[in-house]
Amino acid sequence: MKRILIIDDLVDRAAWLKASLELAEYDVVGVLAWELVNEYSIQAASADVIIVDANAPGRDTLEQISLMSTTLEKPVVVLGGQKDSHSIQVAMRAGVSAYVAHTIQGEDLSGIIQVAAARFAEHKRLRDELKEARNQLVERKLVDQAKAILMVDHGYSEADAYKRMRSMAMSRSKRMAEIADAIILAKELSGA
Amino acid sequence: MICVSSYSPSSPNAIMADSAKGNIGSDAPELRGVKVGFIPLTDCASVIIASVMKFDEKYGIKIIPVKQPSWSAVRDKIVCGELHAAHMLYGMVYGVHLGIGGLQKDMAVLMTINNNGQGISLARHLEDKGVCDGSALARLIKAQPGEYTFAHTYPTGTHAMWLYYWLAHYGINPLSDISTITVPPTQMAANARVASMDGFCVGEPWNARGILKKTSFSVASSQDIWPDHPEKVLGCSAEFVRQYPNTARALVMAMLDAAKYIDSRANRAKVAEIISDKSYVDAPVDVIAGRFLGSYQDGLGKEWHDPNHIKFFNDGKVPFPYLSDGMWFLTQFKRWGLLKEDPDYLEIAHQINQIELYKQAASGINVPVPDNEMRRSVLMGDAPWDGSDPKQYAASFKVRA
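Note that the protein sequences, when read in sequence, are chains R and V.
Quick note: the first sequence uses the numbering used here, first residue 1, plus one each step.
Quick note: the second sequence uses the numbering used here, first residue 1, plus one each step.
Because the hints were derived from the structure by calculation, they are not lab data.
The reader is advised that the hints may include incorrect statements.
Derived lysine-lysine pairs resembling DSSO-like cross-links, with alpha carbons at most 27 angstroms apart [to be verified]: (1) V:Lys270 x V:Lys67; (2) R:Lys163 x R:Lys147; (3) V:Lys317 x V:Lys340; (4) V:Lys340 x R:Lys141; (5) V:Lys54 x V:Lys105; (6) V:Lys54 x V:Lys270; (7) V:Lys317 x V:Lys214; (8) R:Lys131 x V:Lys67; (9) R:Lys124 x V:Lys105; (10) V:Lys62 x V:Lys398; (11) V:Lys340 x R:Lys147; (12) V:Lys67 x R:Lys124; (13) V:Lys317 x V:Lys35; (14) R:Lys141 x V:Lys398; (15) V:Lys398 x V:Lys35; (16) R:Lys174 x R:Lys163; (17) V:Lys398 x R:Lys187; (18) R:Lys174 x V:Lys340; (19) V:Lys62 x R:Lys131; (20) R:Lys131 x V:Lys340; (21) V:Lys391 x R:Lys147; (22) V:Lys391 x V:Lys105; (23) V:Lys105 x V:Lys35; (24) V:Lys317 x V:Lys302; (25) R:Lys141 x V:Lys214; (26) V:Lys129 x V:Lys62; (27) V:Lys340 x R:Lys187; (28) R:Lys187 x V:Lys391.
Which chain V residues stay away from chain R? Per the calculated CB distances, all over 10 angstroms, these [what the hints assert, rightly or not]: (29) Gly130; (30) Pro155; (31) Lys270; (32) Glu273; (33) Trp304.
Ideal placement from N, C-alpha and C gives every residue a C-beta, glycine not left out.
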């Protein structure tokens with residue numbers, strides 16, 4: 001978590017922040033003006049953490065870029081406001097980007113960057129797990145539906161229907177859900 | 001910024017909750033100061049008017065309007081409790097509730113703030129290519145797919161949905177035929193000038209501003225797409241409604257008074273004057289007033305009066321948080337792949353839209369409440385929408401993800 005991208009239109013403030021981060025041995029990989037923020041510039045920077053100003057309207061632009069691509073989703077530290085460790089904790093617990101004061105010094109910032117990155121990773125892990133669980137549920141539903149088709153149309157028992165799908169999945173090296181999907185599609189195609 | 005949760009009694013900044021003590025069991029608002037976020041757009045008017053005209057004090061609260069730099073900031077501050085409520089994009093409240101795009105928090109819609117008053121504009125350089133309407137735009141894009149870029153204001157927001165719907169109506173797939181970007185409302189007109197984008201969907205006065213600045217022209221108003229469509233809502237977290245139901249009710253009452261005031265035609269010029277101030281929308285009053293009063297021009301020489309211009313009250317029909325309105329955004333999330341599976345449409349709308357609380361507030365001040373929690377809408381070109389079969393409706397569109 002050493003590569004930092006700063007996005008700020010105020011050149012002096014960005015330079016001060018850059019110097020302060022470099023003193024704390026961070027690698028500032030770029031300082032971008034907001035009008036240059038797009039998918040390509042964010043990707044090119046390949047930062048671990050992005051630091052932005054709280055009052056920049058362009059934050060919505062950055063949000064869309066990370067929504068569109070899971071690989072570009074980064075922890076964001078938002079600067080602007082008062083130094084208040086309680087508020088930072090509340091924000092980070094909620095999964096909100098870390099909000100910190102502009103006047104914060106390099107060493108304090110270092111701790112916050114580490115915590116923000118850790119919280120971000122934790123939230124992302126939980127979200128990925130939830131997504132995975134949802135996918136599994138969807139796949140199970142598909143398999144059940146396909147099984148029912150085989151049972152009704154071909155008179156297989158439930159166990160046989162499952163076994164047939166399973167052996168086909170193994171011989172074609174496909175996932176069960178893909179086999180099930182094909183059975184359902186074929187059924188739809190036959191106009192039933 | 002301070003991001004203090006005023007829900008927590010141990011919070012050092014919970015000063016505003018002081019009046020809560022001693023009010024248990026009463027209808028009196030638990031909070032006096034209520035921080036309400038807004039984005040500089042014409043439709044933030046009821047937040048501003050409720051405060052400036054002191055409608056809030058009638059109900060024992062003091063609204064503190066807090067201008068916000070971005071929708072992301074609004075969301076963060078609602079989630080962590082720094083704002084109590086906010087002027088929010090309808091779809092965005094649903095997006096946060098479902099955790100689309102990261103952050104998840106159970107959310108609430110207290111009321112709809114307005115119908116209508118947004119628009120789609122094309123950049124001036126398209127006029128040079130002979131493109132002045134949707135059909136010509138479709139021909140241009142089909143000839144050069146992937147070459148054009150359109151902007152909206154937030155991925156799950158209303159403007160993204162109006163833009164996608166309108167493009168799809170002309171056979172343009174917004175996910176594969178063009179690129180889309182998010183641009184802050186105030187910067188739309190300027191971005192159209194530098195030719196980095198070819199069109200945009202945004203709330204007023206920013207379409208009108210583009211015409212005045214000669215950077216863009218209008219091809220559709222949002223009411224052309226869906227007459228009397230839901231737009232901004234008064235949003236907050238579900239936690240806020242649970243903790244401070246009386247405050248939430250008082251807030252709705254003050255906002256209803258403001259909505260009624262704004263919809264009285266005699267007051268509109270004055271309202272335009274008030275919200276044009278630097279601390280609110282920060283745009284010339286003339287730019288706001290035109291479309292605010294229904295007087296439209298498209299920047300290509302056509303001028304007309306639109307009877308379906310921005311509405312805030314319309315005899316209580318605007319503010320009612322219809323379940324079918326909320327569900328419509330879910331059908332579009334499904335259509336465009338923001339949701340992979342059909343959600344439980346009705347259940348989610350019930351969770352978010354605070355119908356009971358709204359009815360209490362409205363009936364307390366003699367605002368008519370519609371009989372039905374669903375309404376029938378006719379959108380451009382497609383089947384009518386009445387909320388009765390959302391799954392079928394979501395699947396009915398030819399152009400989709």
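Outcome of the hint check:
1. V:Lys270 x V:Lys67: holds (20 angstroms)
2. R:Lys163 x R:Lys147: Distance ~10 angstroms between R:Lys163 and R:Lys147 Cα, so the pair holds.
3. V:Lys317 x V:Lys340: Measuring from Cα to Cα gives roughly 32 angstroms; hence the hint is violated.
4. V:Lys340 x R:Lys141: This hinted pair holds, its Cα atoms lying about 14 angstroms apart.
5. V:Lys54 x V:Lys105: Not OK: V:Lys54 and V:Lys105 at ~31 angstroms, beyond 27 angstroms, violated.
6. V:Lys54 x V:Lys270: Answer holds: V:Lys54 to V:Lys270 is near 15 angstroms, not above 27 angstroms.
7. V:Lys317 x V:Lys214: violated (36 angstroms)
8. R:Lys131 x V:Lys67: This hinted pair is violated, its Cα atoms lying about 35 angstroms apart.
9. R:Lys124 x V:Lys105: holds (15 angstroms)
10. V:Lys62 x V:Lys398: At roughly 49 angstroms apart (the allowed maximum being 27 angstroms), V:Lys398 and V:Lys62 break the hint.
11. V:Lys340 x R:Lys147: With Cα atoms ~23 angstroms apart, V:Lys340 and R:Lys147 stay inside 27 angstroms; holds.
12. V:Lys67 x R:Lys124: Since the Cα atoms of V:Lys67 and R:Lys124 sit roughly 30 angstroms apart, the hinted pair is violated (cutoff 27 angstroms).
13. V:Lys317 x V:Lys35: holds (26 angstroms)
14. R:Lys141 x V:Lys398: holds (25 angstroms)
15. V:Lys398 x V:Lys35: violated (43 angstroms)
16. R:Lys174 x R:Lys163: holds (14 angstroms)
17. V:Lys398 x R:Lys187: holds (22 angstroms)
18. R:Lys174 x V:Lys340: holds (21 angstroms)
19. V:Lys62 x R:Lys131: violated (42 angstroms)
20. R:Lys131 x V:Lys340: holds (10 angstroms)
21. V:Lys391 x R:Lys147: holds (24 angstroms)
22. V:Lys391 x V:Lys105: holds (24 angstroms)
23. V:Lys105 x V:Lys35: Status holds; Cα separation ~19 angstroms.
24. V:Lys317 x V:Lys302: violated (30 angstroms)
25. R:Lys141 x V:Lys214: Measuring from Cα to Cα gives roughly 55 angstroms; hence the hint is violated.
26. V:Lys129 x V:Lys62: With Cα atoms ~52 angstroms apart, V:Lys129 and V:Lys62 exceed 27 angstroms; violated.
27. V:Lys340 x R:Lys187: Roughly 22 angstroms between the alpha carbons, so the hint for V:Lys340 and R:Lys187 holds.
28. R:Lys187 x V:Lys391: holds (21 angstroms)
29. Gly130: holds (29 angstroms)
30. Pro155: violated (5 angstroms)
31. Lys270: holds (28 angstroms)
32. Glu273: For V:Glu273, whose nearest Cβ neighbour in chain R is about 25 angstroms away, the distance exceeds 10 angstroms, so it holds.
33. Trp304: Given a closest Cβ separation of 32 angstroms, the condition holds.
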